[in-house]
Amino acid sequence: MIALLIRDLRLSVRAGGGFGLGLAFFLIVTVLVPFGVGPEAEILGRIAPGILWVGALLACLLSLDRIFQLDFEDGSLDLLATAPLPMEGAVVMKAVAHWLVTGLPLTLAAPVFGGLMSMPAGGAWWMFVTLLIGTPALSMIGAFGAALTVGLKRGGLLLSLLVLPLYVPTLIFGAEAAARGIGGFDASTPLLMVAGITAGSIALLPFAAAAALRINLR
Amino acid sequence: MPDLGKYAGAILTSWAATILLVALVIAVSWWQSARVKKKLEAAEARRKGA
Amino acid sequence: MDNVRTKQARDGWNWLWAWANPVKFMALSGKALPWVIGLTILTLAVGLIWGFFFTPEAVNFGSSVKIIYVHVPSAMMAINIWVMMLVASLIWLIRRHHVSALAAKAAALVGVVMTIIALLTGAIWGEPMWGTYWAWDPRLTSFLVLFLFYLGYMALWAAIEDPDTAADLTSVLAIVGSVFALLSRYAVNFWNQGLHQGASLSLDKEENVSDVYWQPLVICLTGFVLLFIALLLVRTRTEVRKRRIHALEMRERMSDA
Chain S
1 MIALLIRDLR
11 LSVRAGGGFG
21 LGLAFFLIVT
31 VLVPFGVGPE
41 AEILGRIAPG
51 ILWVGALLAC
61 LLSLDRIFQL
71 DFEDGSLDLL
81 ATAPLPMEGA
91 VVMKAVAHWL
101 VTGLPLTLAA
111 PVFGGLMSMP
121 AGGAWWMFVT
131 LLIGTPALSM
141 IGAFGAALTV
151 GLKRGGLLLS
161 LLVLPLYVPT
171 LIFGAEAAAR
181 GIGGFDASTP
191 LLMVAGITAG
201 SIALLPFAAA
211 AALRINLR
Chain C
1 MPDLGKYAGA
11 ILTSWAATIL
21 LVALVIAVSW
31 WQSARVKKKL
41 EAAEARRKGA
Chain G
1 MDNVRTKQAR
11 DGWNWLWAWA
21 NPVKFMALSG
31 KALPWVIGLT
41 ILTLAVGLIW
51 GFFFTPEAVN
61 FGSSVKIIYV
71 HVPSAMMAIN
81 IWVMMLVASL
91 IWLIRRHHVS
101 ALAAKAAALV
111 GVVMTIIALL
121 TGAIWGEPMW
131 GTYWAWDPRL
141 TSFLVLFLFY
151 LGYMALWAAI
161 EDPDTAADLT
171 SVLAIVGSVF
181 ALLSRYAVNF
191 WNQGLHQGAS
201 LSLDKEENVS
211 DVYWQPLVIC
221 LTGFVLLFIA
231 LLLVRTRTEV
241 RKRRIHALEM
251 RERMSDA
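The listed protein sequences derive, respectively, from chains S, C and G. First residue of the first sequence? That's 1 in UniProt numbering, and the numbers climb one at a time after it. First residue of the second sequence? That's 1 in UniProt numbering, and the numbers climb one at a time after it. First residue of the third sequence? That's 1 in UniProt numbering, and the numbers climb one at a time after it.
Next up, chain S with everything else stripped away, as it sits in the complex:
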């Protein structure tokens, strides 16, 4: 399992694409919003947590189709299916690898980008915490979507259509927790809900994703 994780990490770093691309996309979204909304610090500061969350979510979406696609094409997914490691374990490792190269950099970058959005002091900490708790769920849900669409030639757009509605609860609770935390309110309820979604996704979705992969490999 660890070997698989290391292999995936090495591949994604070497292939370039995914790693920096998501982060660059996230930066561009954060820069574009003030152009659209205007430079008033007050407005930007108020919408900052939401924008950062939506930006992170979209950046996450960008690299989802790479989770299984390459392995599916060169046949190593078939090898994984016959390997002693259960498919569910492979799915979790793939999701973890995706999170390490996408979710984690986004989480680390969000507090910095928050400065661009004139977020009030203390906001950086809240962005970091909510994204740290929420992005694993995004990777896991995304892995499920990627497993559904892996056999399709042009699955990218369909993947977004499938995955975005599934992201709704995570986004709502995550952004709400960040907004409440920054505003000085009690953020424990939404924070617990995000944590619950993440824990539930990691516990249950590997089974659904593995089932989808098996169907696609049939």
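Please note that the accuracy of each hint is not assured.
What the hints assert, rightly or not - A few chain G residues facing chain C, derived, Cβ under 8 Å:
no., residue
1, P34
2, V70
3, S74
4, V110
5, V113
6, I116
7, I117
8, T132
9, L248
These aren't lab readings, by the way, just hints derived from the structure by calculation. All C-beta atoms in this analysis are idealised placements derived from N, C-alpha and C, irrespective of residue type, glycine included.
Chain S is fixed; fit chains C and G onto it per the hints.
This is chains C and G only, laid out in the frame that chain S set:
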């Protein structure tokens, strides 16, 4: 026709929209059904002929 | 002993599982369809005409209360059809009855249209009542999310060529989607009652609807259910026939080769 008062526009548009959309699904389902039925008959005939 | 009991239990449900056999389904649904269509037309005509012409004005809503007869049934069906698709998907995954998977596929379009009707009539009703076509009220928002789920489900069906793979994958999506749709419902509820106070618009009129409005509404609800069943039968029959054509064409290609 009952007196709908100031809400006449809202009532009539929502009812019209509903009836239109429902009619649309019915039409689409009907049309698909007829098309597929014809195609199936042709396929069965081909099988018997062959 | 156990075997005997399960056999009997299964016999008790045989009338239902007979529908799962494509040939029997075609025969049974062919016989049932004219009756269902007739009943649909009857109940819808009675309910809608009663609701439109013979209901008084309500205190708060004036005559706009008449919109309830198209709004509430379509909203109810939008949710019920998704539940029906979920059940059909589960039956397909567990018992591998083709008709079940095809019924779920056939239901999706009707579900989308019902969701659109519910959103549209809600918007039209909202304008005179609340002064706006759209508010991010929890209920409206969850319907919008439901609409997105329907779209994704249908897109997945359309994208996959092999029919059995498509049935399997859409079934998995329907199950996972249901969980997340439910989560979204609570998330949305929470979201709009959280920091942003004020939007306390309630669509819940059932509680204070009096009998004058309730009776025709029940007939309309029944009519919409029947309408769905009629459409479902027609559309599932189409899907079964499509599958048959597919099989015949495969056989032709085999014999050609």
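Here is what the structure says about each hint:
1. P34: violated, 14 Å
2. V70: holds, 4 Å
3. S74: Interface hint status for G:S74: holds (7 Å vs cutoff 8 Å).
4. V110: Holds. Min distance 6 Å.
5. V113: Check passed: Cβ of G:V113 comes within 5 Å of chain C, closer than 8 Å.
6. I116: G:I116 check passes; min Cβ-Cβ to chain C is 6 Å, inside 8 Å.
7. I117: holds, 5 Å
8. T132: violated, 13 Å
9. L248: This interface hint holds because 4 Å falls under the 8 Å limit.
Comparing the model with each earlier hint shows violations of hints 1, 8; every other hint is respected.
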